[in-house]
Each structure stands twice: as C-alpha cells, then as structure tokens.
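Please model the complete structure; the sequences and the hints are all you need to start from.
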Amino acid sequence: MGKITYKRLKGSQNMRQRLLLATLKSTPVLIEDIHAGDTLPGLRPHEISLLRLFEKLTDDCLIEINETGTKLKYKPGIIVGGSHLVHDCGFSRAIGYFLEPLILLGLFARKTLVIILKGITNDSKDPSVDTFRSTTFPLLRHFGVPSEGLKLEIKSRGVSPHGGGEVHLTIPTVQHLTATMWTDEGMVKRIRGEAFTTRVSIQLGNEMIYAARGIFNRLLPDVYIASDYRKRLEAGNSPGYGISLVAETTSGCCISADTTVSYPRGDEEEDIEDEGKKELIPAADVGEKLASVLLEEIEKGGVVDSTHQGLLFLLCALCPKDVSKVRVGKLSPYGIETLREIRDFLDVQFVIKPDPSTGTVILKCWGSGMKNLSRKTT
Amino acid sequence: MAMDSGADGQSHKAHRSRHSGASAKKKTKARNKDQNSDQKQQNPKAFAFRSNAKAKRLQSRALPPFVVVVQGPPQVDVSLNFSSCLYVFILFRKAVELRLPCLMWDSLNLLGKQRRLQFVECPNDINGMIDAAKFADLALLLIDGSYGFEMETFEFLNILQVHGFPKVMGVLTHLDNFEDVKKLKKTKQRLRHRFWTEIYDGAKLFYLSGLIHGKYPKREVHNLARFISVMKFPPLLWRTSHPYILVDRFEDVTPPERVQMNSKCDRNVTLYGYLRGCNLKKGTKVHIAGVGDFSLAGVTGLSDPCPLPSAAKKKGLRGKEKLFYAPMSGFGDLLYDKDAVYININDHFVQYSKVDEMGGTTNKGNKRDVGEALVKSLQTIKNPIDEKLEKSKISLFSQNPNSSLEAEDHNRGSDEAPKLIRDIEPLKQYQSNGEEDESEFDLDGSESSDQDEGVSEGAMLKNEGRNFEEGNADASERLGRVKEQVEFHNGRKRRKAIFGDGVDHSNLKSTDEENEGDEDDDDDDDNNEGEDDRSNEDNESCSGSEFSEGDEEDLKSEDGMGNISKWRASLVERASKKQNINLMQLVYGKSTSTLNTSANEVKDDSENEESDEDEFFKPKGQRAKNSIEGLDGGNINTEDCSKSTKFSELKNWKEEEVYESVRDRFVTGDWSKGALRNQMSEAKTEEDDMDGDFEDLETGEKYESHQKDDSSNGGIQKEDDDAIEERRLKKLALRAKFDAQYPFIKEETDKQNGGKFHRSQANDSGYYDKLKEETELQKQINIAELEDLDETTRLEIEGFRTGMYLRLEVQDVPFEMIEYFDPCHPILVGGIGLGEENIGYMQTRLKRHRWHKKVLKTRDPIIVSIGWRRYQTTPVYAIEDQNGRHRMLKYTPEHMHCLAMFWGPLAPPKTGVLAVQNLSNNQAAFRIIATAYVLEFNHAARIVKKIKLVGYPCKIFKKTALIKDMFTSDLEVARGIRGQVKKAAKEEIGNQPKKKGGQAREGIARCTFEDRILMSDIVFLRAWTQVEVPQFYNPLTTSLQPRQKTWQGMKTVAELRREHNLPIPVNKDSLYKLIERKPRNFNPLVIPKALQADLPFESKPKNIPHQKRPLLEDRRAVVMEPHERKVHALVQHLQLIRNDKMKKRKLKEEQKRKEVEAQRAKDEQVLRKRRREERQERYREQDKLKKKIRRHVEA
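Sequence lines, in order, name chains V and B. The first sequence begins at 1 in full-length UniProt numbering and counts up by one. The second sequence begins at 1 in full-length UniProt numbering and counts up by one.
Since the hints were made in silico from the structure, they are not lab data. Just so we're clear, the structure is a prediction, and the values are computed from it rather than from any experiment. Just so it is clear, CB atoms sit at the ideal spot from N, CA and C, and this is done for glycine as well. Some clues are possibly wrong.
[To be verified] If the Cβ cut is set under 8 Å, some of the chain B residues that face chain V in the computed set are:
id, residue
1, A203
2, M584
3, C641
4, N938
This is the structure in structure tokens:
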C-alpha cells in the first residue's frame, strides 16, 4: 500500500550493479537520462536484455521504460531463480556481462538457478566464460559458497558479431555469505589456461599457446594451456580465437586475464572503416600480449585481478555483520564505481588503506548483514 | 592464607625447583624462548599498547546491562519483589528508605560486581507483555503460590517462546499462607511439575516465603540475586541480528514555540538507552513499538551513566561503586545529557529568588560554590542548547588555524564551504557527546599545543582565535540572560543547567584531573618533539576531521617553507597517512573533497619531483585519481565494463629487468621476500599507530634499509602476535569447555530426575557455549580489525557498538506519544533490518493455540506480533495439497498446522509470529489465539479455492452444446475458459463436461463434450479460482492512546453483527434437508410390431382378452344332504373335544416339568455344596501332607 518511493539515479553507468543491489535490497529505483544525449538515445540492447533477465529471475517485479527509453522505473520483486530458464543475451555484449550480476542474484535466490544463456561467450570487453569457470567460482568459495553446486558448461562457443554460443549455468543458493579475511596473496605456483578457436584454423590456437608459454617459461615451469578447438555446431556463427589464462597462487588466489579476437560488430564497423578494414591481430601476438597482461595483473598484487574487484567488493559488502578484509592491487575504475554504489545502496563503507610497500590496497568493511530472505524455510 | 601462616611462624618446606624431568624441560624451554624473544625484541613497544586511544577503547568495551523482566499477574506484588531485589543487589539503603512499593518506573539499571542488570517491570496488558518479551534477557515469572498459576503467566511464557525464548525463572510467592507443611510441600511439587511441563524438566522455580515487614526475607532475596548474577543468557537469533534499545529515558525536545503555537504538532523526541543486539548504523530505520517506523534524525553516543567498576579484584562493591541509574523512576536527582545536566528539585524546594542562599537547596555540599554559580546561571540562562552548540562549532574552527580555512575557501569557492562544515559536523558532534568532557579537553589540548608551538603560526593567529572565542562566549552570555528554560515533564518541574566554559571544569572534577594530567603529557610531548609530532598527536586525539587536518598541514608546509628539512623529514610519514585518507575520500568523497584531494595530489607530485622519492606513493593514488576524474567528469553514461586492461600500454615482459620485477611473485622466486610482502602490511599499519620513529630518515636509501628492518621486525612481531592470539583463543576454548562441563547451578531439586535433566542441560549449554564462542571469536576479529581506525571512520564503517549508551533523536513523532506517555510502559526501539521495511504478503505456518476455544476464520482480523512490530491484519488460511497447490480453508484446522497468508511489513523467514485477537484485559480466557513462524514472503499471494458452476444446455449440437446459466457475463466466460482447459481434460472419464469454445450470447458458453449430451442433463464445471488476500494491515498504535483504553482496530464480522444485532445470513440452498426419493414408475415395455412378428410363438405376447365374469366353478353354491350335514357336524364336535383334551394335557405336562426342574435345581445346589466341602477337605489334607513332607525333609 501507499506510494512507492523510488531511489533516483541518473545515467546508464553501473546499470548492472544498480539493478543488482536494488534487487537484493528491494529498493525501487528510477533511472533517468539514459544515453539521453546520444544520437541513438535510450537503453542499449544489452541493457534491455539485462532487464529481461532480471524480470525472468524475479517474481512480481515491475519494469517501466518510457517511449524514448531514457527513463527506467524498476521495482524489484523477489528473486525466485528456478531451473529450465533460457535467456538470449543478444549480440551487443558477451555473456560475461550478464554472468557477473547473475551469480550474486543466483546466490540469493529462492531456488537453485539453472539457466541456459545464449549469445557471445568470448569477447574482449567482458570476462570470458572460461574466466568465470576458472577464477570467479573459486573466488566465491572464500565467501562460504559451496563449490559443488557451481557449474558452468560451455556447450558451444560463439564470438562476435554473430554469437551462437551457449552455456549452461547452475548456481546454488546460500542462506548467507561468510565474512572473510583474505589478504594473503601467496605466490604464483601454476599457470593454467585455455585457448580456443572457432571456425578458424587450429594452428592459430597452437600459435597462441606457444607464444604465451614463451613468456612464462622463464618464470615458472608449471604452465599448461589447454586447447579447445570447436567445430561445426559447437563453434557458433562467427570465426574467432582467444585465450584465457589463470595464475593460481599458493594461498588459493586466482588471477586471470583473457581476450578474444574476432571481427567486430556491425555498428562498430563504421568507426573502423575510416581506418580501412582492419586485419585481426595475429595469434602469436595475442598470446604474447595476454601473457604480458597476466604478468601485469600479477605484478599489481592483490588477491584478485582487476576484473574481479567489483565482484569481490560486492561479496564483502553482502556478508553478515562482520568484518571482511581483502587486498587488491590498484583500484580499478570499475571497482571504485562499485564501492560507491555499495555505499549508496547498502550503506556500507570500506576502509581503504594503501599498503605502500607492496603497492596494494587493503580494504575492510563491515558487512551489511544481508541474508537470503527469499529462500523458503522448511 | 599464606599471610596467616607466615604470621604464625610455622616453617614450611621450601619449594625445590626441579632440575630434570618434563617440567624442568618445559621451564627451560620457556626461559629460552623468553630470552630469544628478548634478543629479537628490537622493538620494545611491541608489547605495550601502541596508542592511548586504543587502550581506552578496549577497556571501555562493555556489554549492555542484561534486562530482567519481572512479570506477574495483577495480584502478585511485582513491585515489592522488585524493590527487594534492588535492595539486595545494590544494598542501597536509600532506595529502600524511599519506600519503594510504588516504584513504578519501567527500568532500573543496577550494577553488580561483574554484570549490570536492568530491572523492568512488565506491564500487565498484553501489548506490554509482548514488548517486554522482546527485550527480556531473563524473565522472572512471579506466581502466587497460594492461588496457583494464572493465565497471564502462561500467556507471557507463550509470548516468550515465540519471540526467541530467553531465560525464564519462576518465583513462587505467598507461600506463607500455608499453615500445613505437608500441603505446602504438595503445592510446591505440583506447581513445580506444571512449570516444568511448560518449559523443560528442571527449570528453575524459586520460592519466596512471604513478606515480613513489607519486605521479603533478606536471605531468600539474596539467593535469588545470586541465581540471577550467575545466569547465562543464550544468544537469540533475532536479537543478535537486530539492534535494539530499551529506552530508559525519554525527552521531548520540540522547540517550545512550536508546541505553544499548536499543541498537537508533531514532536521531536530523544530516546536514551543502551544499544543491544548488534551494531547500529546511523542511517538505520527504527521501529518504536506501539508508535511506528521512523528514521533516526541523529544518533549520539553518551558516556555510560552506570559504568562497570574497575577490574581490580575485591569482594563486593564499595559504596561509591554501587551505582544505580533509573532516570524515570523518580529517585536520584541528577540526569546527564550530552550537553547538559538536569537537576531535579522537588517543587516545595524551589524558591525563585535572587538571594544568595541558594547553595543550601542544591544539596550538594561538596561543590557549594559551584552549585551556587550554577543555579544563578540557571536562572539567568536564556538561549536554547542547540544555539549554544552552534556557537561551539564556530569556536572549534577558531582553534583550527583560521587562515587554512580561508585558503581553502579561495580554492573552493563560496558554495562549497557549507559542505565542508557539514562534513565536519557529525564527527564533532560525536565527540562532544561521546566523551563529554574529553572533547572539552581535546579542544583545550589542541589549544595549548597551539600556544606552545608558536613556531610557524605566530602569535597573531592564536590571538585571533582567542578573541573570536571570547567574543562568542560574550555573545552567548548576553543571549543567556534573555530567558530561562524550565520544562515540565509529567508534572515534574526540571530545569536545564547549561554549563559555561568556566563552570564546566570545576564541576566535573574527577574527570578534570585526568584531563589535566593528559594535558600535561601532551604539552611535554609537544615541547620535546616539536612540530613534527603535532600531526600524530592530532590524530590520536581525534580533533577535527582528517581533511581539515590535511589542509592544516598543507598550509603549514607552505608557511614553513623556511625550514625545509623538518618538513621533509616527516614527509614520508605524512604522505602515507594522507594517502590513506585520500584514497577513501577519492572513492567516497563529495565533489569538494575530491577537488581538495586532487589539489593535494598535485602538490605531492611537485614535491616528489623535487625530492626524488616518487617510487613510493605516486603510482596508485594518482592513477586512481585520474581514472576517477574521468568518471567524475560528468559522463553518466559510461559503459558498464568490469575489464579495464589496455593492450597498448604493456611493458615488454621479455626484457630481463622487467620480468625480474615479478620474479618474487612466483614460487620459483625468493620465498622470504614473498612472505614478507604479505606480512608487511600488518606491521606497517601497526607502525602507523605508533608515534613515528621516522625522523631520522632523510634519503630514499636510508628509508629503504629502514623499511627492510621494519619489515623483518614486523614479521617477528607478527608471529608473536599470532602466538598471543593463539593462546588467547586456546584459553577461550578451555573456558568454554569448563563451562560446559560444570553447568552453573546444581540445586537440590534436580536430584529426583537427575540424569535426564543434567544431560539435556549439559547439551544445551554446550551448544550455547559453542555458539557464543564462535560469535565471540568473530567479535574479537572484528574488534581487532577495526581497532586502528579513528573514531569517526569506525562509526561510519561499523556503526555504534553494542553496549554503548545512545541518545537517539527522532523527529515528527505524533504528539500523542508525549501526551499519553506512561512510565510503566517501557519503550522499545528496534532497528529494522535489510528489506524489512518493505510490505508484502507473508506466508506463515500457523497453529491455533490449543487453549483457544474456537477455530479461526479466514479474513477475520487478527493482531500479530512479528519481529519488533505489532499490527492487525486479515489472514487467509490455506493448506498445501499433495500437488503443491495452496487450497484455501475457511477455518483453521482444529489440531493441525495450516498456512496463513497475510499482508504486512515483511519479516525474514523463521521469524516467530504471535497472534491475538482481543487486547482487552478483562477477558478471562487465554488471549493468545495462535502461534506461527514465517515461511517465506511473496509479492503475490497464490491461494486457490474450489469452484463448482452449474449450467443447463440450451442448444445441443453433435458433441458441443451451448450452456446457459453457468456464467453471468461474457467476461466471466473468457476468464473461466482460459484457466480451465487442462482441468477439463481430466474429467473426461465420468459424465463430466469438457469445455472449449467461445460464446453465443451473454453468459452462454459453448462447450465440447465427450459425447452428445441431453437436454435434461445438468452440466457441472469444477475449477479452481484464485483467492485474493486482502491488502490490509494496521499498525498497533498503543503508545498513542491512553494505556487504560483498549486499542480498537478492525472488527470481526461476528463482532459487527453482534453490535448491530444482525442475524447471520442464511443461504437456503446451503441448508441440509431430508432427501425424498419417490419410487420411479417405468412405462410398460413396448415391443415393436416387426419384432413381434419375428418372435417364436411362445415368446410372442399372447393377446388373451380379460374375462369380465368369474368362472362357473367359482360362482356355484353347495347344498348338503341331511346325512352329510350330520356327519359334518359330528366331525366338527370330535375335533373340538380333541382340541380341548390336548390343551389340558399340555398344561399338565408343563406343570410337571416345572416341578422336576425345581427339584433338580435343589439337588444341584446341595451337590455343589457337598463338592465344595469335599474339595476343601481334600486340599486341607494335601496341604497337611505337604507340610508333613517338608517337615520330614527338614528333619
């Protein structure tokens, strides 16, 4: 009863975190000026797709978008989850974009979430599905999520522009997370990885692996990069290749990096055309560069890589009312934005203390006391 | 003991230390270890407290007092017991002299030696009982022994059970009414066993014999007190996850003008009490029981009004330490607020005069002169306290260097200045409240340091500040003469005493001394270490916000360009400190702060270039800043992307020196360096807290070596810390184990059914201990982690800690709360958790209470108590069918659980729910109608009920027919059909219809059937229809009306009918009536002619015409001959004779048989008698024989 008071926000930035936190805390939000100044105003296809996904997972949620798509009203419902769900993620962003909020939603859902996601599995913008499997899931374990229930199967790979990938995701529910003291980054003991090719010669994959190994070999003998060369139906609709690498440390931290090379999407082509049709980066360079990226991530320190900072902070903030302490390398812009959103939505502030001797940052926070309210008791 | 023996002069054998064996080894080991550690202990400070503040904070952390709720039915003298308890607990003679049977205030904080208790008397209405059950840590149930249990006791027990079941102890009173000892014993036993069935076997029931001179016997009450003082309190789930405050003081702080203008305006109130449960953050919403939800306008921590005594071991409490705090109870004269002290003066003492004989009436002999001044100032005081506060705020700034503010203002522009003030304000507020006097001291301290240093600032500035301050004081004094602040509260007159600066110090003497000591210390420090230390000291004393401090420093650095060496010396340290702050501000800060910090950054940069020390703080902060500026730059539509790697800016990792830089991050690299890297931070952060030893480091080189030392130190230190921590944990575990083994009380009553009970309790306490230990561990970790933060940040991060005495300010409270405030009814303020302010449908598993006489009806309003809240709502009862469908029930089942769905503010699953229907006190029966717990919540209700529609065909096609009278409109048809397709398929088997299509006319549906139906058929449609759960809830506002009045909410239908004298509507069709079944008449069988023709002759129906006249034989008459007639007559006679004879013979035989039977019975009797005698004789013989044989054998 009564009028709903909406939390007013502006712009499309951090749409994912905002929607996620709004749903978890069940705060209605009203977002204005979404791409208002652009030539194509309004919500982007992937944002709409994201809203659809939220609608699918929740019960009785209300989404209102105005005609131009620049204004969004979102009244969250109760996260239900459930199996036999299928979502088409579209081609504007990769599945990784959707997976990041989806993981947290799934943890706080009523029923175990089993969902099939279709679209682009590997992309240069978003973390690839391989990274989720190798890095994000182990990360969740630190917060008391049972690792048995977490599953991500890659049925087929798809790269931009035409996608065609499919993954099956299973996320268990938890009653609540557990606070963690996670500051020991340890030392890198092994490097694993996976190189894939779709609709291109498998030779490219081998080149990537060879090049990447070349960088690591001087530092560590335990490097193993698997190959995953997809054919026919499993290879999606577009040609492309990519590699993802994970460095595991002695204390169980996973630091990852990944990239994918493929032909860009339709709308981006226009920008590129004035430079002339760009050739794809050669596979050997990709391997080498990505290995360097991973080394830079390792050099930055911290228990997670820069990509996972946002997720890490969210997890910390969603813990029970206890102190969590984590160490990250330099704060990424995305991480900072996440911290702000957490402050705005959950009223949780982090103590951020740089550790000058190692060039890392130590963050502490007092959890918000989030509990899975939608889970049914027996 | 030892002393005594020594005095006796008895000589004992001296102790010989062992030189070999296990214990000797242990000792040598320990000694060695000690020595080792000593050798390695290059930092002697490692084991001391690093900072004053930290030590203080650790000490001050205390549990809030436990709440003891004393509950009893109206006739059982609660208050009497209450006062007796009080009497023993604090041995506070005065309290007893006050004659306290009328001690009606709800709460009283008492101080024992190791625990504090807050006694609360439970009000005697159901609302009060529900609220009391929510905050009770221990419930004392007073039971009139001479009368037996009363319903209130059971009601309260039930409420307790639903809301988490805190500890319960029964207290039997009025036992002196029994003259017969045996009867007393019996009664005791009976009551005890009844009590046990209600709680658990072995639950403690205490006996108080009776009143002697209006008080309970001292010994008994003392025992009771002992029981309470050793009691353990289990953690309760709801309360550990929600902050709550039992308000022990309550003030109306609405500006009096507003009240005068409109006496019914919304009020602002302040609520005081210990914070319990979990930490309270500033932004939390709260629920005031019986009033409603409010957001907190302000939270401030006050100093503990009733602190625990020092930890020194001694027996009992000394007079000064026997504290009690009962602000609303009417005794005690002083009240402390954050900015004032209230003195209560009885009305007849008050004489308004300017005569200087006032000192006598203030009755505080030791500070007569002060009191005098005080009262005088009281009488002349004028300005409201908030005005005063504002003044003091300004004076704070005046103590900070003014020019810094100005300089900043230049940078910032005028519109951002207010923001700065706002940023600072909360902190300032906190301090001035939290440590009442300390803040005062802080100000002074910093002031004095200002005076002392005088190096760069110069005297001018100081003077300026001084002048400014004095000016303020003058102003306030001038203002102060205008009016007097006298408040009337509940008929009590009280006045605010607002302290001027001068009065303050002299008044709070005890604390003042300490302060002075500290002040001196600080001064010394300042003198010794000069300017560099200033920043440290500032940090420690937490004066001013960090960033104003930063400004100050910046300014100073600019000012003090002359002596660069000094400035440079502390640069590193400062930089690290500043950076820490800046990073947080970078992330969270408002636009002002980011601007500010960016300015700082730039400065740092330039400085770095000068001093070539850039490897250390340039990278992170600056890059972060850059990125942030990019984000802050107004682009609100940046792409949402978690990956931020740029391939273009990669280093060439093939190069030797580049990859060597990460060499140590791999297992193939240097392990020791790697290990150091992880530990350094801890050591470092701890180092930060210390007074820095960094003065000597000038160049980068030196710095590095120092750093290395430090880190190695840190490592060892860390280990030591670890060891200490480990030991502590071990101790904790040991203690827990010990506690589990020896449950706290073993009393004689348990002996009877010992085994079972002991086991159960041991288990219980073991579980609780484990739980407690875990929470304690986590708490320790939390404390350890947040220890090194300064007060403000800590507050931001974790909120106010439990055990703190808080002052909550709530605005816009309905005036009724003030008007109808009743000190007998405790006010409970509960924090609302995440997602609990939302409203929706809740599904609960509900069971009617077995003592409630009726079943509950769907949609009848009930009052539920969930979490902190009480509200009225209309539930719909349901039950889950086999297939998961929720079928509506009109009434609750009699002995089963059912589901109840209702609308209201949400509570997390597993929360207990209590339902009552009638709140009135004069109701004899049990008032609790049902208990439940929350299963889940939804935004939509999904309950269905059966519907059966009846229709008649109006036109029949082959297999479809148009059915009328089933629906009343087309719309209904459309709705019905959509939901029906699947269901119909199931019903194909019987003669049930199956329905599909659209419609012909209004309300006529076209239906498809298995077979063609007849016009005479009746068509049924069985379906499920959604039931709407009413979206209604009505919070119980019992605090907003006189307490005597019963709260009246929505009435039940039955009540309304009774009121309006309406009959229960009767649906004639629903009545049961006798079923009449007429025998059915079938028409004769008609065989078609064609068929008839084919039949064989026998089977053919014969057409025999019916004969009208009877046959000839039947019609003729018989005429006898005379002879024949004679014969016939004779035969008849003979027959008659024979009949007669036979009759007589039968009679005779009957008689004979009877005689024989009688004879036989007689014989039988005789025979039986004889047989019995024979048998007796025989047995006797046998027995004799047996005996004889035995005797023989024995012989």
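Hint by hint, here is what the structure shows:
Violation of the interface hint for A203 of chain B is found here, the shortest Cβ-Cβ separation to chain V being roughly 28 Å, above the 8 Å cut-off. Among the interface hints, the one on M584 of chain B holds; its C-beta lies about 5 Å from the nearest C-beta in chain V, closer than the 8 Å criterion. Taking 8 Å as the C-beta contact cut-off toward chain V, the hint placing C641 of chain B at the interface holds, the least distance being around 6 Å. For N938 of chain B, the shortest C-beta to C-beta distance to chain V is roughly 6 Å, which falls under 8 Å, so the interface hint holds.
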